[in-house]
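S.K.: Generate coordinates for the entire structure from the input sequences, incorporating the hints supplied.
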Amino acid sequence: MAGFDKVVSSYEEAMAGLEDGMTVIAGGFGLCGIPENLISEIKKRQTKNLTIVSNNCGVDGFGLGILLEDRQVSKMVSSYVGENALFEKQLLNGELEVELTPQGTLAEKMRAGGAGIPAFYTATGVGTPVAEGKEVREFDGREYLLEESIRGDFAIVKGWKADRYGNVIYRHTAQNFNPLAATAGKITVVEVEELVEVGELDPAHIHTPGIYVDRLIVGQFEKRIEKRTLTES
Amino acid sequence: MAMRVARELQDGFYVNLGIGIPTLVANFVPEGMEVMLQSENGLLGMGSFPTEETIDADMINAGKQTVTAVAGASIFSSAESFAMIRGGHVDLTVLGAFEVDVQGNIASWMIPNKLIKGMGGAMDLVAGADNIIVTMTHASKNGDSKLLESCSLPLTGKGCIKKVLTDLAWLEIEDGAFILKERAPGVSVEEIIEKTQGKLIVPDHVPEMQFS
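Chains as they are written, first to last, in the numbering used here: chain A, 1396 to 1628; chain B, 631 to 842.
In case anyone wonders, no lab produced these hints; they're calculated from the structure.
A couple of the hints might just be wrong.
Said to hold, decoys possible - Straight-line alpha carbon distances no greater than 27 Å define the calculated DSS-like cross-link-like pairs of lysine-lysine that follow:
1. K1470(A) - K744(B)
2. K747(B) - K1438(A)
3. K1470(A) - K1529(A)
4. K694(B) - K1622(A)
5. K744(B) - K771(B)
6. K747(B) - K1618(A)
7. K1556(A) - K694(B)
8. K793(B) - K771(B)
9. K1439(A) - K1581(A)
10. K1484(A) - K744(B)
11. K811(B) - K792(B)
12. K1470(A) - K1438(A)
13. K1470(A) - K747(B)
14. K811(B) - K793(B)
15. K1556(A) - K1581(A)
16. K1438(A) - K1556(A)
17. K694(B) - K1484(A)
18. K1438(A) - K694(B)
19. K694(B) - K1618(A)
20. K1438(A) - K1581(A)
21. K747(B) - K1443(A)
22. K1529(A) - K747(B)
23. K811(B) - K829(B)
24. K744(B) - K1529(A)
M.R.: In C-alpha cells:
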C-alpha cells in the first residue's frame, strides 16, 4: 500500500537516512511525551555529531540522556537541562555545546520553522544574555528581539493514536512540543501507542494532520515518571 | 507569603504560578472564588496531585510533577501555551527571583560560574505578563539584600516587575524606587530599610500585612 500510507514496519526503516552532523528536533517535556523508541534507535545507529533541539535532554539513562552516553550529541538547543549529571559533565568538559533558549521562543522557533516563517520578533529575552548578537527593533515603544526559526533534518515525535494517513492525536500533556516538532522536520517520524482505522479519528480533533508526517510506527512505551507526586489521602 | 499573594487573586483570574512558594498560593484561594491555574507545558485548569489510582505519566505540570486537570480544563501545545503567556492573556504571574532592582529588572535564572540549568519559561513569563508578583526572601542567608539599585546577575527580564513580596515586606516599584506598602507581622520598618539596598521610599504609615 502506498499513496498516503505512512506506516513503516521497523524502527530501522523509521530512522533511515539519519546521518552524522544532522539536526534532530524532538518532542517532549521532561520525560512526558518523548519518542522513547526513536531515541533508542538513534542510539543503536550510533549516529554522531548531532544537534538536538528539545526542551530538555532527558535524564541519566533515559530519554535523550542515553544519546550522551556514547557522545552522539555535539549541541543541544533547550530551555532547561538541569536533570542530567552526564550532561553537566560533558558541558563542563567542553564536549557538548548548549544553546539555552527561552521555552516560549523555542516553541515558536519550531512553529515558525514548520510554517515557512524564517524569523519573528518577541519581547522575550530583551536585555538578557539571550539578546546578545541579535537584532532589536522597536514596535509601539517597546523593544523586541529578532529570533530565527528552526528546521530539522529529522523531527521525532510521540503521539497517542494515529491512522495510516499520519493523522495524529496526543494524550493529555504529552502533547507539549510534539505537534510543533512534527511540522518542522524535513523528515518527520511519529511513533504512537495505537494505530486506528482511517476515518475513525474525528477530523476536527486531529492535532497533527497527516500532511506533516512522513513515517509512522507503532511502539511500546515505558512512560517513566520523573516526579511522582500524590495527594495525601 | 503564599497567603499574602492569595489576597491579590480575583474571581475569574487565569494565573501562572512558578515553582516553590508561588505553587503554595493554590492552597489559599478564597472560598467561593474561581481561579484557573495555567501550567506552561500546556495545561489551563491544573488540579490537585493525583491519587495512586489516578496517577498518569501523560499528565504533568511545568515542574514535571504528576497532576490532575479540573473540570473545564483545556490542554494544548507549548506554542499555544506561550501564545497565552506572551499575548498577555494570563491575568497574574507569580514567580521567584534571585534579585530585583528599582528599574523593575529581574534576575532569576543564572549565577555565573555556577552550573547554568536554563531559563525554562521564566523569560517568556516576565516579558509577557503585565501583572507579575515576585516572591523571594528579602536578603540572602549572608544578609545581602536582594532588592537592589541595579541587579548584579544576568537578567531574566528588563523593566517588567512592579510588585515584590518578601518575607519582610510588600513593595511596589515606581519611578526608580521601591515603595514600602506593607510590612510582615512583627517586622519593623527599620529592619526593612536596613535590608533594602536599592532606593526605598517609606510612607509615614506602613501598615502590617493582612491575610484575610
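S.K.: Of the hints given before, which are not true for this structure?
M.R.: Those not satisfied: there are none.
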